Amino acid sequence: MIAKLNIEVYKKSDYSKKKHTIELQINPEDFKESKSISYEKKDNMSPVYQHHERNTLSISFTIDGTGVVPSAEPVVVSKKVKELEEYLYVPFLDDDTIQTYFVLLKWGDLHFKGRLTKMDVHYTLFKPDGEPLRAKVTLEFVQTGTLATVVVKKKNKPPKKKQVKPQEDDTLICICYRETGETTNDTKVARENNMTSIRGPLESSQNVSIPQ
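Residue numbers for the sequence shown follow the numbering used here, so the first one is 6 and each next one is one higher.
Careful: at least some of the hints might be erroneous.
Dumping the calculated BS3-like pairs for lysine-lysine here, alpha-carbon to alpha-carbon at most 27 Å [what the hints assert, rightly or not]:
#1 K118 / K141
#2 K22 / K166
#3 K84 / K17
#4 K118 / K23
#5 K141 / K84
#6 K141 / K167
#7 K16 / K84
#8 K123 / K85
#9 K22 / K118
#10 K46 / K87
#11 K40 / K167
#12 K170 / K24
#13 K40 / K132
#14 K165 / K9
#15 K193 / K141
#16 K37 / K85
#17 K167 / K16
#18 K111 / K37
#19 K167 / K24
#20 K141 / K9
#21 K46 / K23
#22 K17 / K87
#23 K111 / K40
#24 K170 / K193
#25 K170 / K85
#26 K84 / K111
#27 K40 / K17
#28 K132 / K111
#29 K84 / K9
#30 K46 / K85
#31 K132 / K166
Since the hints were derived computationally from the structure, they do not count as laboratory data. Just so we're clear, the structure is a prediction, and the values are computed from it rather than from any experiment.
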């Protein structure tokens, strides 16, 4: 038995209570899943990662009312299109909030939770009175649920330090000012170098470690 693509319809985003199931008469001719990443683009710089966009899904299938495709009961194309519109396109009121339904598309390995963003119906065959006998439908969905993100953990690298050899009559204050342009870190530098004074002259053989 051929498995048919089902579109399960839910009112809530937790997909807890199923409201309706749409079973396609004919399985999709194709479907396309799209994934994209957003980057911040700056002049003359490599793109900077921002976030992952929500995945999208597009499916195309045919509704046939000619009787050529075996069916338990006659297929009326206009009714099938109306069913799609009612549960995918038309909004409803939920706790004073206008919503569209949440859907779960299931077929083989396909398992996609989303909401409709676009619906195209292309009628291709008609009865003499104009009633449609065949339609090609394309549905586009955007992913719902928690957005997948990529967390990049930076390695804890030790700060770079420069080894400075004192000049004659140098003090720690002089070295800090000469190397960094300020003296605000002299106490910290003294502590890191196990020094008890920041004003006394340093020995020429005593290298001083200065953070870069």
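Taking the hints in turn, this is what the structure says about them:
1. K118 / K141: 23 Å, holds
2. K22 / K166: Status violated; Cα separation ~61 Å.
3. K84 / K17: Distance ~25 Å between K84 and K17 Cα, so the pair holds.
4. K118 / K23: Holds - the C-alpha atoms of K23 and K118 are around 13 Å apart, at most 27 Å.
5. K141 / K84: 14 Å, holds
6. K141 / K167: 71 Å, violated
7. K16 / K84: 22 Å, holds
8. K123 / K85: 17 Å, holds
9. K22 / K118: Given pair K22, K118 holds - Cα atoms ~14 Å apart, limit 27 Å.
10. K46 / K87: 44 Å, violated
11. K40 / K167: With Cα atoms ~46 Å apart, K40 and K167 exceed 27 Å; violated.
12. K170 / K24: Answer violated: K170 to K24 is near 78 Å, above 27 Å.
13. K40 / K132: This hinted pair is violated, its Cα atoms lying about 41 Å apart.
14. K165 / K9: 62 Å, violated
15. K193 / K141: 73 Å, violated
16. K37 / K85: Roughly 23 Å between the alpha carbons, so the hint for K37 and K85 holds.
17. K167 / K16: At roughly 63 Å apart (the allowed maximum being 27 Å), K16 and K167 break the hint.
18. K111 / K37: 14 Å, holds
19. K167 / K24: Violated. K167 to K24 sits at ~68 Å, over the 27 Å cutoff.
20. K141 / K9: Judged against 27 Å, a Cα distance of about 17 Å means the pair holds.
21. K46 / K23: 43 Å, violated
22. K17 / K87: 22 Å, holds
23. K111 / K40: Holds, at about 19 Å.
24. K170 / K193: Status holds; Cα separation ~18 Å.
25. K170 / K85: 85 Å, violated
26. K84 / K111: Between K84 and K111 the Cα gap is close to 22 Å, so the pair holds against 27 Å.
27. K40 / K17: 24 Å, holds
28. K132 / K111: With a Cα-Cα distance of about 33 Å, the restraint between K132 and K111 is violated, given a limit of 27 Å.
29. K84 / K9: Holds, at roughly 19 Å.
30. K46 / K85: At roughly 45 Å apart (the allowed maximum being 27 Å), K85 and K46 break the hint.
31. K132 / K166: Between K132 and K166 the Cα gap is close to 84 Å, so the pair fails against 27 Å, i.e. violated.
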